[in-house]
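Residues per chain are reported as follows:
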Amino acid sequence: MKQSPVPARRMIWLVLGHVAWAAGFVALYAGLSIGCEYGWHVMELAGGVSVQRAMLIVLFLATLAATSVIAFLSWRRWSAARTKTAAAAPAPFLEWASFISSLTAVAAAIVSLAPSFVLTTCY
Amino acid sequence: MSRSAIKRICVLGVTGLLTAGCTGPLSTLEPAGPAAASIALLWWIMLAGSVVLFAIVIGLFTLAFYRPAWLAGISARNWILHGGITMSSVVILLLLVAAFVLGERLVARPLADPPLAVQANGRMWVWEFSYPSVEGPSLTTNVLHIPAGEIVDVRVTSSDVIHSFWSPRLAGKIDAVPGHENVVRLTAERPGTYRGVCAEFCGVGHTQMHFTVIAHPPEAYEQALADAIAAETTE
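Just so you know, the sequences run in chain order A and B.
So the first sequence is numbered by the numbering used here: it starts at 1 and just counts up by one.
So the second sequence is numbered by the numbering used here: it starts at 1 and just counts up by one.
Just so you know, these hints were derived from the structure itself, not from any lab.
Idealized CB from N, CA, C, for every residue including glycine.
Certain hints may be false.
[To be verified] Reference excerpt, derived from the structure (chain A facing chain B, CB under 8 Å, subset only): (1) 110; (2) 111; (3) 115; (4) 120.
[Claimed, not checked] In silico negatives: residues of chain B with every beta carbon more than 10 Å from chain A: (5) 2; (6) 31; (7) 86; (8) 108; (9) 110; (10) 141; (11) 149; (12) 162; (13) 205; (14) 207; (15) 220; (16) 234.
Bound conformation, chain B alone (with noise of 0.2 Å):
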């Protein structure tokens, strides 16, 4: 194999691995609802700024080595003034605007038309999820079952220690305090099974805390809630 094509293999098998972290049950990059897509549209603008930085920057770089005269007419204080301060400032001020303007979407404000509401009961190291629209007992353990399509108010506290619900292709994460009702709105676009974690530090069973949110389609949902509140009754 000649030494060119080694070094083509090395490359292609480097950004394999580092776009892996792309995709999978796990991905932010991957959002499957609206509040997880804001999310995923700040990284881009984040991602997308920071390679047009690093472009001027590196070009700036090279130009100072081959062509210095070029930039020998920019004076100290001009690099200073203007790459120093005022592309920086430019930079944050824009995104702090699109960071404010994309959090907006994510505020759970109380709608015309309430939403479905579920509770999330964080403990040491399970999930407990229970459903305010079942009558009597409903609870399911480290499964959250949802409406497809439907916008739904998750409604989350603890028992025990701070804990976070993060589910990262429906939404972002919310701190579960003892004492304390923290609410985080979610919607999956398609029915599906989508994983999440705990995403605080809790103790010695903090990376085994996660849970499942299966989103069923809206006709069925009713039916299969009812069916998993049965099925972790008799277990």
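Chain A with its partners taken away, still in its complex shape (with noise of 0.2 Å):
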């Protein structure tokens, strides 16, 4: 059988950002439900901010995190496969689709998760 010029497992990166960005919004979505049947939401931790506000900020900060090392990561690939790739020879379009997706990942980690800092979480 003929080999594929491009392993398989580069394309995981393609996908990688979303992955983190959906285990992000799962996780903030149960912790969201268990928070508000506990009554997190109203037990202060410090300075007026509940632990149910506080454990939404530290999930959307963990995948903001997540997605933006990826994110990184993706573009040092692209730069290094740049500079790899001969003149003549076709941009590097697997890296380049990697990156962009990977920063889509970050924006929907910002749009999505980031009005847990101030939207209502209960009621």
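Dock chain one against chain two, each of which comes alone in its own frame, and use the hints as you go.
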């Protein structure tokens, strides 16, 4: 069988950022429901911040950190692939697409999860 | 009858049919309280936004046919970047902010002066309402009595499957989940009769599972509720 010029494992970089975002989203959604059930929104942690709010912010920051690291690594892979590619050869599309995809995962994390800073959590 | 007259009648007829859905006892576009008004406002914002976007897209489309030179200077990259990414991102973000701001108004957060609470229990295929403010048994079936102009928290649950409590002119939908209580906060600005339905498919009787909300003048509320409970007991 003819071997593919692009190893399949490189494809994972296309979706890695969104896998991290989806995992963060599920964790935050589950944490929200569990916190409301156990009354974490009325338990004050410090400075008027409830346990619920603190937990949601930590989950958001963890998701943001994970997606950002993936975006940074994708950017490095793209930079490395560009320098290796001969001037006449086509640009390293897979690496470029992976980088853009991971950037959209960072944006998705901010847009969908950052509102946990301000929105009402329970009731 | 001339051809243009027939065309005009057809256009007016179709417009009339389309706009007939904008009013009526179950219309979300005819709000009778602040919660329903917030939801209706979001709908109007979305409609206005979609009309503007449609006009822009059709305008550009028309230019591409009749004045292609006007658009020749815009590169393919800019079409994708600004038309496909910038414009859609801005629109979605604005909608999201509007939805968050309006959604926060619907939240039944605790108030310093606790509002009147009523219980709503869905079961196949009736709505049972009870009134904690009344001593003793207080059940009304398929009719919810509330005072007009006052905030009311409807505590919704179910004793069998998942139902959904929805009185479109007063508030949004809220699920009635067995073993769990959800709260929808509503206010009827004026005395009147408002219809409601079960908004979650719950079996063969789902379409018959409707109810009525009667908002009484505040001074007549207690007596009207007592009469309704007495009538229910004697039935």
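Evaluation of the provided hints:
1. With 8 Å as the threshold, the beta carbon of residue 110 of chain A stays out of range of chain B, its nearest partner Cβ sitting at about 10 Å, so the hint is violated.
2. Here the hint on residue 111 of chain A is kept, as its CB sits about 7 Å from the closest CB of chain B, short of 8 Å.
3. Interface restraint check for residue 115 of chain A: the shortest CB-CB distance to chain B comes to about 6 Å, inside 8 Å, so the restraint holds.
4. Interface hint status for residue 120 of chain A: upheld, as the beta-carbon distance to the closest one in chain B is roughly 5 Å, under 8 Å.
5. Even its closest Cβ contact with chain A, about 55 Å, leaves residue 2 of chain B beyond 10 Å, as expected for a residue assigned away from the interface.
6. Once the 10 Å rule is applied to beta carbons, residue 31 of chain B is consistent with being away from chain A; the minimum gap is 21 Å.
7. Taking the minimum C-beta to C-beta distance to chain A, about 13 Å, the non-interface status of residue 86 of chain B holds against the 10 Å cut.
8. With a least beta-carbon separation of about 5 Å from chain A, residue 108 of chain B fails to lie farther than 10 Å from that chain, contradicting its non-interface assignment.
9. In this structure residue 110 of chain B is not separated from chain A by more than 10 Å, as the shortest Cβ-Cβ distance comes to only about 8 Å.
10. Consistency note on residue 141 of chain B: stated as away from chain A, and its beta-carbon is indeed over 10 Å from all of that chain's, at 28 Å minimum.
11. With 10 Å as the threshold on Cβ separation, the claim that residue 149 of chain B sits away from chain A holds: the shortest Cβ distance comes to roughly 23 Å.
12. Remark: the non-interface label on residue 162 of chain B is consistent with the geometry, its nearest Cβ contact in chain A lying 16 Å away (cut-off 10 Å).
13. The non-interface label for residue 205 of chain B is consistent with chain A: the shortest C-beta to C-beta separation is roughly 30 Å, beyond 10 Å.
14. Residue-level check passed: residue 207 of chain B sits 31 Å from the nearest beta carbon of chain A, beyond 10 Å.
15. No beta-carbon of chain A is positioned within 10 Å of the beta-carbon of residue 220 of chain B; the least distance is around 31 Å.
16. At roughly 38 Å from the closest C-beta of chain A, the C-beta of residue 234 of chain B stays outside 10 Å, upholding its exclusion from the interface.
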